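Asker: From first to last, the protein sequence lines are chains Y and G.
When we follow our numbering, the leftmost residue of the first sequence carries the number 1, and every step to the right adds one.
When we follow our numbering, the leftmost residue of the second sequence carries the number 1, and every step to the right adds one.
Any given hint could turn out to be false.
[To be verified] A few chain Y positions that, by computed beta-carbon distances, are all more than 10 Å from chain G: (1) Pro-205; (2) Leu-456; (3) Gly-500.
[Stated by the list, open to error] Simulated restraints, written as ranges between beta carbons of each label pair: (4) Y:Leu-413 with G:Gln-142: 57 to 67 Å; (5) Y:Phe-72 with G:Phe-260: 23 to 33 Å; (6) G:Glu-494 with Y:Gly-38: 45 to 55 Å; (7) Y:Met-582 with G:Gly-578: 29 to 39 Å; (8) G:Ser-500 with Y:Tyr-197: 35 to 45 Å.
Quick caveat, the hints were computed from the structure, so don't treat them as lab data.
Since the structure is predicted, the reported quantities are computational estimates derived from the model, not experimental observations.
For each residue, glycine too, the CB sits at the ideal point set by N, CA and C.
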Amino acid sequence: MSKEKTKKHGIKQVIKNVHYMLKYAYKYTPAYILVTFGEAFGRGAWHIFNVLFLKYLFDALEANEPFANILFWALLHAGYCAIFECFNKWRLNVYVPRAKLILHEGIQNELYDKARELDQSCYDNPEFYNDFIWAIRESDQRVAQIMENLSIFINRIFSSLAILGVLASIDWIVAIILLISVALLVFVGNKRNNAYYERSVECNPINRKLGYICRVFYLPEYAKEMRSGNIANHMHNEYDKTTKEKISVVKKHMGKIFAFSLLGNIIYDTFAHVGVMSYLIIRFVVDSTLSLGDFSGSINATFKLGWALNDLARYFNIFNEHSLYIEKVRSFVNYTPTIKGDIAQIPNFEKLTIKNLKFKYPFSKDAAYTLNNIDLEIKKGEKIAFVGYNGAGKTTLTMLLMRLYDATEGEILWNEKNINNFAPESYREHIGAVFQDYKIFAAKLTENVLGGEYRLKDESRVIEALKAASFSDKLKELTDGINSELTTEFSKNGVGLSGGESQKIAIARVFAKPYELIIMDEPSSALDPIAEYELNQSILKNAENKTVIFISHRLSTTQMADRIYMFGEGKIIESGSHNELMSLNGKYAEMYKIQAKKYSILN
Amino acid sequence: MEKREKKNKINWKRTFKNNKYMLDFIIKVSPGILILEFISTVLMAISTFFTTTYLYKYAFDALQNGESIKNIVIFLVGFFAFSIFSKVFGNICDSYIQINFPKLEAHIQNILHKKAATVDLACFENTEFYDTYVKAVDEAGQRVMAVKNSIMDIVWAFVYGASILTVVFTIDPIFILIALIPLLFTVFIGKRRNRVQYEYDIKNKEIARQRDYVRRTFYLKDYSKEMRLTNIHTVMLKRMRKSITEMKLLVKKYGYKMMFFRYLFDLLFQVVVRTGSIILAVYKTLVSKTMLIGGCYVVVNSIESLADNFNYIVGTVLKLDENSLYIDNLRDFLEYEIKIAEDKNAPEIKKFRSLEINNLSFNYGNDTPYVLNNISLNIKAGEKIAFVGYNGAGKTTLIKLLQRLYDPSAGEIKINGENIKNIRLSSYRGLFGTVFQDYQLFATTIAENVTLGDDKTNEKKDIVENSLKKAGIYDKIQRLPKGMDTIVTKEFDENGAVFSGGEAQKISISRIFAGDNEIVIMDEPTSALDPIAEQEMYNNMFEACEGKTVIFISHRLSSTVMADKIYMLENGKIAEQGTHNELLKLNGKYADMWHKQADNYTR
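The whole structure should be built from the sequences, with the hints applied where relevant.
Answerer: Here it is as structure tokens:
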């Protein structure tokens, strides 16, 4: 996607960016650079040796030199090849794969650390997010590729300069013809690439759509809907329609692409190669001004040079793309998180105060605030419920409490201290959370519960936490107990959990550590009534002295809260205990009565 | 995977048939591609033969025969013209392919999509199906081109190889034998080399998959919150380091082996063939005087191409076999016999009267435990049925069986007294309108999401509007600039609408109101809704479905009160059944569940 926005980088910028990447290589495996350059020059020397050898060979043949002399040079030639290829095969099969891994490990470690520091809001910015994904996903392949390409690039420069010298000493006209044709080729090739590029820009959204339609057919999550209604047919028709669009785009750009490709082919193959060879043949056969050795050497050099220069032109483009990529990595590495703070010592929780808070998502185009004029105070040990309509801002407020986002206006105080002063890492250590869209990690059960590494001394904590989350029954069924591997990502025997069971693991997380503040966002949405009941009992018991904020649509659950905040359109519209709100007879009471009615009538 | 490993011998008949199978697609959709490319390939091969070999032979012959300048110039000009002609033709051919390829791809994808939309749902849960077939299907378009390219490569190698062969043969046949040496290597040792490479690739891929998982947890938004609130990243980093260590060990284990084989080949090719033939040619020219200097020149310059070409043919033929393995997967998929298939001769259902489940048992795979056990129940037209029970009791599975997304392992389902297996599938499934628990929205207009791609969506605007109103989401949609014609998701349209969980659920519910289905199935349709929205949705649903049959699953028992009959499922069995009042009187599991929920409201 980022490639859509491809712009050309100047040579200076390309060099700067490649240099930036090389610094990483130097940092983690300096020998990799040495080996890469060694190969480039070793191969360059081989190319020159080749040209000179063939020139020598036929001069010697013509001059009737003794067989032994030629044999000596032929064996030397072969010997160099044998040694160089031995080095090269070692490099390709043994050295580089290993160096790549070392480099990869170093770079990934740095990038991953950086990724965790990124503001949560970066994920809401599609442009940044796409670049970020690109930067991380290709980091290992790309750096190795840059090294390989660099080796080729240096080799081609070195080889072409040397061969050009040999060629010019035989016949400078040939050298000039080749140089001119390559210059033309670069020019035409550039035009052709631009035409291809324009086409790909237009084709990208079309291809994305085609890809999407294919996915809809193959992804299991869509399979059920694809078997009901007429949606499958609709998608077929869309696919055909989109294909027609694609063909018309291809046709539109075909003329230019055809012309420039043809021109490039004729310049390179016909004009440069066939032309130069015809010229040499005429000099050799008709004029007899060229010795057999010179003829052979220059033909050989023409091939090699044409090939090397053609490669150079190609690699200019490749390095331009690398440069664009490195640019993304740099912008990601240089990103300064906006959510930061200096204080790493967080005082023990006494109370939380929200004053006049307003919030709008950083990349939202919507003019309205998601949260508007929120004021509230939560004291240590209180159980607080957030209730209200879909989309009223309850979840968003919990995000702000965790400093996944910072308030647009107003402040959140932790014991009178603005939380914006706290280092986010340290601050978040005090908060345990069950997210609405919780994730189970492909790791051991213990690690999932602890949210980190497991040590033997943690055993009872994990078991207690799982018990508190009503997971004990399932735990008995697991052969490896708390050491079970979850998901089949890393182990074929990994345990796959149902939605309800996964949710219990997510809940266990908040009981596994002595968090001072616990936030639970619809923690029982996937649980059956019995499990929900047990969970509620368990929260009351296990979080007795803790501060708990929970969001729920099941108002029977919220009754046990010390205070309930009712949200509507980003504001707190009512607050108080269940009884207070019921006597207020407002929105909460209405909502409650609707739920309670059927239970009470028929009980 | 297994198939490939077992396969040591190439089944030529199968390889031929499979490649022909793919080629037939091209012949059917765009035979021009094959004809044009065949001609272009032959022209290209001849042109390459001229520049690399024949030109020199001609030069030496001309020198020897004292050819007139005029003839030489005519020959060279002719060659020049031929070169231009072949480039023009080649580029025309390229353009033609670029324009016609999307059509070809669409044709294949259409066939695949049709199959994917009708294949048994069980296939989607079978990991092997998913891994092999989906991958196969994903790149079908490219693969058809790969088959074409392999065949053209063979054509090229034959034309080019035969031309050089003829020339070298006229000079001295012994050199042909030398050129055959690397081929012997490929034939006899190539297999071992490939196996080492293959083993390495397989093992490496497995580990890379794990490393990629870790990478995803660092860049996907889904994981971002947990990554910031817990220390789970330390576990993930540990796993990355472990996989990199394992990869290093693999390099150590296989690197030197692969280096050995590759180096051996290099030695054969570069030293034995090239240097050997140079020395032999020089010996024949200088010492035994059995060769002319021109012949020596041609041999020295073309022996590598000839040896390369022999090897190339073998490589391409092996590629045909590689294609064949892939096509096996594709054909297995296309030829997969659908178990739950449409039978155009089977009777349709005119009017739904009753559904009857007799002694039904079901498990997802042969060796897996039974999810449903001996279920029997009756549903009459117009009844409102609720399935309740614990997480994992089998409710959702039962619903899938009712819609014939699966067939029972034992027992039967009858409609109007007839086994549903004897009813035309489309007619049977057409009876149901469903809200799935894991409902999906499609990246198309809101209206089309509601009608599920009905062709007459435009004429049904009133119905769509009404349905959205009943689902309680119309207000929100009305406020969008394009109303119900807004595209869902930002995937293809910057102004596309993104919905929250609750809103998306409401849109999926409106499908029920828009569809004219006799039986409505809803699996936890209000899990993401607030209490008011939930109440409205049930009221509207019961009103709109008056006279229709409704089957729903809910954990919120207040909604099940309205059912004519409630089935309480436990461990795949029906534990209790009856109306709400009957079940309360029974005072069993349902009553327990009910009281746990209701007591909170009535306390």
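Asker: Looking at the structure, which of the earlier hints fail to hold?
Answerer: Those not satisfied are hints 1 and 3.
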